[in-house]
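First to last, the protein sequences are chains A and B. Going by the numbering used here, the first sequence opens with residue 13, and the numbers climb by one from there. Going by the numbering used here, the second sequence opens with residue 29, and the numbers climb by one from there.
In short, the hints are calculated from the structure, not lab data. Ideal placement from N, C-alpha and C gives every residue a C-beta, glycine not left out. Heads up, some of the hints might be wrong.
[As the list claims (entries may be wrong)] Example chain B residues on the side facing chain A (calculated, C-beta under 8 Å, incomplete):
(1) 101
(2) 104
(3) 116
(4) 130
(5) 190
[Stated by the list, open to error] Beta-carbon label-pair distances, calculated as ranges:
(6) A:219 - B:209: 36 to 46 Å
(7) A:438 - B:96: 31 to 41 Å
(8) A:481 - B:207: 53 to 63 Å
[Claimed, not checked] Taking lysine-lysine and the DSBU-like style, the derived pairs with C-alpha atoms no more than 35 Å apart in a straight line are:
(9) B:197 - B:245
(10) A:478 - A:249
(11) B:197 - A:445
(12) A:58 - A:445
(13) A:478 - B:245
(14) B:157 - B:245
(15) A:285 - B:171
(16) A:58 - A:45
(17) B:229 - B:245
(18) A:366 - A:478
(19) B:197 - B:256
(20) A:478 - B:157
(21) B:157 - B:256
(22) A:300 - A:366
(23) B:46 - B:183
(24) B:46 - A:445
(25) B:197 - B:157
(26) B:214 - B:171
(27) A:187 - A:249
(28) A:45 - A:71
(29) B:197 - A:249
(30) A:445 - B:171
(31) A:285 - A:187
(32) B:183 - A:478
(33) A:179 - A:58
(34) B:229 - B:157
(35) B:245 - A:445
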Amino acid sequence: MTEAVTNRQARDAIAKDYEWGFSSAIEQEFAPKGLNEDTVRFISAKKNEPQWMLDWRLKAYRAWLEMEEIDWAKLDIPAIDYQDAYYYAAPKAKPKLGSLDEVDPEILRVYEKLGIPIEEQKVLAGVEGARKVAVDAVFDSVSVATTFREELLRAGVIFLSISEAIKEYPDLIKKYLGSVVPQRDNLFACLNAAVFSDGTFVYVPEGVRCPMELSTYFRINAENTGQFERTLIVAEKGSYVSYLEGCTAPMRDENQLHAAVVEIYAHEDAEVKYSTVQNWYPGDAEGKGGIFNFVTKRAMCAGDRSKVSWTQVETGSAITWKYPSCILKGADSVGEFYSVALTNNRQQADTGTKMVHIGSGSRSTIVSKGISAGHSNNTYRGLVKVMPGAENVRNFTQCDSLLLGSECGAHTVPYIEVRNPTAQVEHEATTSKISEDQLFYAMARGLDAESAVALIVNGFAREVLKQLPMEFAVEAQKLLGISLEGSVG
Amino acid sequence: MSVNVLKISNLHATIADKSIINGLDLVVPSGEVHAIMGPNGAGKSTLAYVLGGRPGYDVTGGSVDFDGQDLFAMEPHERAAAGLFLGFQYPVEIPGVSYLQFLRESLNAQRRSRGEADLSGAEFIRLAKAKAALLGMDAEMLKRPVNVGFSGGEKKRAEMVQMGIMDPKLAILDETDSGLDIDALKAVGAGINSIMRAPDKSVLLITHYQRLLDYVKPDRVHVLSAGKIVRSGGPELAHELEREGYAEVAA
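Required output: the full structure, derived from the provided sequences and hints.
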């Protein structure tokens, strides 16, 4: 055996074909192709929105027309023809669903293929004393099933599709929508504000600890249909919620635009944990197809001692542009960002975070693990900003990159702006290659090349993976092609 | 009747087109411990890596029969599953992966390829604790990432614990004694004896010095020089080497 053979094995191991590339035949109802004011009106009308919501969308649309393309990321973004896409697709209207049993069996089957059987989760949740996971299943653009709503409501937690929330809780939506990510924040966030199709609204009242992990599975299922999810999470004083978001998408031949917005608003002593496993279709080995994933995620840690923790495992998409951030406004507020980004073949990722310290005593932790293989490019881009009035701020940043093969790239672009001399900011960065020594050692103990790579990558990403809630850790490890961790301790 | 677990015939091997092994013949029967000794650069570690299947070590001639199978037709992990254990001179660190996870996954991969059922977490931990105790290693160490922050002696002890867990037919131990203090040397020697001294097991002990052979008594000693076995004998050959040096004996 030669060295080249093992390099190839390593590449093959990481270049596993996309397993979940299937598409299901569910009747679609499209908005007409293209983007103009009528498209916005169509979407709003389809969803029976009140006038104020339509006005908000139209305002965003008009602002979007004047916004500039983003060119600062280390991404090669093909020109996007916004007129050649659909902006709304929904499963054909059906009578309002009372339970999962009424959901199109085809939709349920799709989830089963993904290994996320709602049925099973329902059963699990029904078990006395069992930990519960509420799933607000977003199929394409419209929520078709919402479970556990009643139990959550008993706790006072609102967990609804954002379309429903607009009708049922207009005051909350008016107060918080766009309060963390303004319409004009960036091109993609603005587009989302104009055409967002659906998403999730979570409201946790004062002092309430949400009784279960909240989980939404997003999935693109319509050719040429952009996905414009909008999520809004409001945590009142002293509340706690853990929210899980996961994506898989079917195999596609054409690029699909995905521009989501997530806003989190945390009041005094509130804590929000937001976890993502992202596995949008990355395109084929030559880079054909695949999702363009332009996401704006931001948390406002408004209250004193509020805390928001972002954890993400990003393995999919042809292009990932994503910087989950925290505005640390409250005194002693805490922001965390834990990220694993894996790119392969021709994938490009430019991802990281922004920690903006406004409150005194605010603290932030950034741990980023980038894994590059094939011809991919993987960039960490992070901003740590300390405002003049913020005393005794602390930040710790660690950025590690792991390279598989010699044709991929890893880049680390930290921006540090400190305007207060009491701040303590640390940045550590490493870049390493997966070594032949490690591979051979693991293979000599009985692991094939694929499992050996998975094991080493798992170890590299461990610090981040262990931040994920149990429900998600499994899926994340699966996505990294990794076996379950042994029963240590 | 003893069976030859390892039969090396006229082996030639190169690294980066440089000839290192030059027509090596060696037979190790079941139930025997053979020592390979030789000066630096004789090809000792190369032999170990060639038998283990390390990439970059190219076999250019000859054959190796391992327990009735063509060794070179197997990938490194298949050799492990077939019962070959390679003890490393420089055990490798794998950050973020606990020893327990590493060994459980490795052992279960071997078991699956032999058509055996996986060991459960509890079964595996029982096994690992027992083997760690045998080698005088604190089982808590197995919760730590593979070899990260281990001293030289701890790494070698951990190699022996791995050998105990894998329970191989043939262990090829590449300078397992290097860098060990006398207590660790004793422990490693005792470990080799208790794990591998059995009628159906064999050891190929690659070493520079005679001192490990005080604890693990070899059935045969072979002198490797310039990529060939130049002399073979009983345990007394090791003492002769120690007394007179390789230059004399190999000449």
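How the hints compare with the structure:
1. 101: violated (11 Å)
2. 104: holds (4 Å)
3. 116: holds (7 Å)
4. 130: holds (7 Å)
5. 190: Cβ of residue 190 (chain B) sits 7 Å from chain A, so the hint holds.
6. A:219 - B:209: 36 to 46 Å: This hint is violated: roughly 60 Å between Cβ atoms.
7. A:438 - B:96: 31 to 41 Å: violated (58 Å)
8. A:481 - B:207: 53 to 63 Å: Given a distance of about 43 Å, which is not inside 53 to 63 Å, the answer is violated.
9. B:197 - B:245: holds (18 Å)
10. A:478 - A:249: holds (27 Å)
11. B:197 - A:445: With a Cα-Cα distance of about 34 Å, the restraint between residue 197 (chain B) and residue 445 (chain A) holds, given a limit of 35 Å.
12. A:58 - A:445: violated (51 Å)
13. A:478 - B:245: Distance ~47 Å between residue 478 (chain A) and residue 245 (chain B) Cα, so the pair is violated.
14. B:157 - B:245: holds (27 Å)
15. A:285 - B:171: It holds: about 28 Å lies between the C-alpha atoms, which stays within 35 Å.
16. A:58 - A:45: holds (15 Å)
17. B:229 - B:245: Holds: residue 229 (chain B) and residue 245 (chain B) sit about 15 Å apart, inside 35 Å.
18. A:366 - A:478: Holds - the C-alpha atoms of residue 478 (chain A) and residue 366 (chain A) are around 22 Å apart, at most 35 Å.
19. B:197 - B:256: Between residue 197 (chain B) and residue 256 (chain B) the Cα gap is close to 24 Å, so the pair holds against 35 Å.
20. A:478 - B:157: holds (25 Å)
21. B:157 - B:256: Answer violated: residue 157 (chain B) to residue 256 (chain B) is near 40 Å, above 35 Å.
22. A:300 - A:366: Holds, at about 31 Å.
23. B:46 - B:183: Roughly 30 Å between the alpha carbons, so the hint for residue 46 (chain B) and residue 183 (chain B) holds.
24. B:46 - A:445: Roughly 26 Å between the alpha carbons, so the hint for residue 46 (chain B) and residue 445 (chain A) holds.
25. B:197 - B:157: Status holds; Cα separation ~21 Å.
26. B:214 - B:171: With a Cα-Cα distance of about 24 Å, the restraint between residue 214 (chain B) and residue 171 (chain B) holds, given a limit of 35 Å.
27. A:187 - A:249: Judged against 35 Å, a Cα distance of about 16 Å means the pair holds.
28. A:45 - A:71: holds (21 Å)
29. B:197 - A:249: violated (64 Å)
30. A:445 - B:171: holds (25 Å)
31. A:285 - A:187: Roughly 22 Å between the alpha carbons, so the hint for residue 285 (chain A) and residue 187 (chain A) holds.
32. B:183 - A:478: holds (26 Å)
33. A:179 - A:58: Holds, at about 13 Å.
34. B:229 - B:157: OK: residue 229 (chain B) and residue 157 (chain B) at ~22 Å, within 35 Å.
35. B:245 - A:445: violated (41 Å)
The earlier numbered hints that this structure contradicts are 1, 6, 7, 8, 12, 13, 21, 29 and 35.
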